[in-house]
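2 protein chains.
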Amino acid sequence: MLKYELVAQYIQQFIKENSFQAGDKLPNVESFKNKYEVSKSTVIKALEELEKNGIIFQTQGSGIYVRGNKRKGYMNLLISHGFKDEIENATVSYKVNKLEELIPSSNVREQLKLREDESVYFLERIIYVNKEILCKEISYFNKDIVLFLNKPIAEGSIFHYLENNLKVKIGFSDIYFQVDKLNEHEANILKLQEDDPCLRYEQIFYTTTGIPFDYSQLVYHYGNAQFYIPAHK
Amino acid sequence: MLKYELVAQYIQQFIKENSFQAGDKLPNVESFKNKYEVSKSTVIKALEELEKNGIIFQTQGSGIYVRGNKRKGYMNLLISHGFKDEIENATVSYKVNKLEELIPSSNVREQLKLREDESVYFLERIIYVNKEILCKEISYFNKDIVLFLNKPIAEGSIFHYLENNLKVKIGFSDIYFQVDKLNEHEANILKLQEDDPCLRYEQIFYTTTGIPFDYSQLVYHYGNAQFYIPAHK
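Chains L and V, in that order, give the protein sequences. For the first sequence, the UniProt record's numbering gives the first residue as 1, with consecutive numbering after it. For the second sequence, the UniProt record's numbering gives the first residue as 1, with consecutive numbering after it.
Source of the hints: derived by calculation from the structure; they are not laboratory data. Worth double-checking, as some hints may not be accurate.
Which copy is meant is left open, because identical chains are indistinguishable; a pair holds if it fits in one copy or across any two.
As the list claims (entries may be wrong) - Mimicking PhoX-like on lysine-lysine, the simulated pairs with C-alpha atoms at most 20 Å apart in a straight line are:
hint: 1; residue 1: Lys113; residue 2: Lys25
hint: 2; residue 1: Lys191; residue 2: Lys181
hint: 3; residue 1: Lys70; residue 2: Lys113
hint: 4; residue 1: Lys131; residue 2: Lys191
hint: 5; residue 1: Lys113; residue 2: Lys72
hint: 6; residue 1: Lys52; residue 2: Lys169
hint: 7; residue 1: Lys35; residue 2: Lys72
hint: 8; residue 1: Lys3; residue 2: Lys33
The structure presented is a predicted model; accordingly, all values stated were derived computationally and were not measured.
Same shape as in the complex, but just chain L (with noise of 0.2 Å):
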């Protein structure tokens, strides 16, 4: 972790700690440079990260104000660090139902901007919110990033795992999402019926570098599913 991002756990910390409230005035950078004795422009890269995350909002020349409480139980989809993040207080766990090397199709191939003898590791999984289906998974590693992926390690977080253990550097991301029908097999494996609503959900992570390493596609399941973005100007 960043001193950055340190700080940023801090601050949100201290405004959790102190019951802060939407429209609640926080101390300015200063006083936070003091508290926390980092330089200032630490303090402005944390107050940067947590205006994207929704948690403050900045006003020029007038100070740094709480952003408020959000709703229960949505996933704020701009903090791509998996899903142990995005839900506060829920217990996430996955189930893998296959983990195998392959040569991709060549729609996987290009979003990945592979070779064409290039293979992947390729995992579908099951992923559970407090025991609730969330969504079912496919994903598809390139393997010049993701050196290594086995059962056990994709039983948890895999970005835990790329950013702590393989030393990825995780950049960003692209999102493409639509709503549509289930089909019959996806309805099986979510326990619902067929054509019932679904969101179909694609996401491209890349390196800090632009390389794309992870392209997955989800179907989530429409009861459990409630989704947050903090959007800004």
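Could you slot chain V onto chain L? The hints should help.
Just chain V now, with coordinates in the frame of chain L:
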């Protein structure tokens, strides 16, 4: 439009004209500074804006790169300017079903942080993209900010009117959504069947000083709406 927004537009145009592709390196800050005759901090703000919108990515110490072509026809949810700018090269039109002043329910009052006796503008519209139904929209406007609204205004981009005529400074928004089935009334409006899938989407817009001024509830047509989010770590 602020100066950095203009520079962001110039740079985006520059990327287009030179047919830059994903991963291509762009000129550095200094060179954009000279090209557009603006300050370094204006270029930096413009680049931050383009990074937020998924157009470029920046790597520490290494440079500015193009993030690549997005799929066509997807709405970028992080550009909360109203629909016109979210869908590139599309014709957006609005049909106003109802516009009136009323005392809202307690839920709406809470979202907009209103007093008990405060009335709001209530607006119901159908939004079309290239003459296809995109969604049904219900909006409640805080009259302290949205001082005046009539049918001709509501038949166009309200956000354009708010920014340019009323000089409202739009700051940020909270987006909540989930997948559901259509009820009979909604199905009639969207020209679909009861129990067909839909995206239920709520958005609360705030001024730069944190005052909520628009609470909207949208129901998206599952066949005509596709969404894109450029996410960051």
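Item to check | Indices of hints not satisfied (ascending) | outcome: 7
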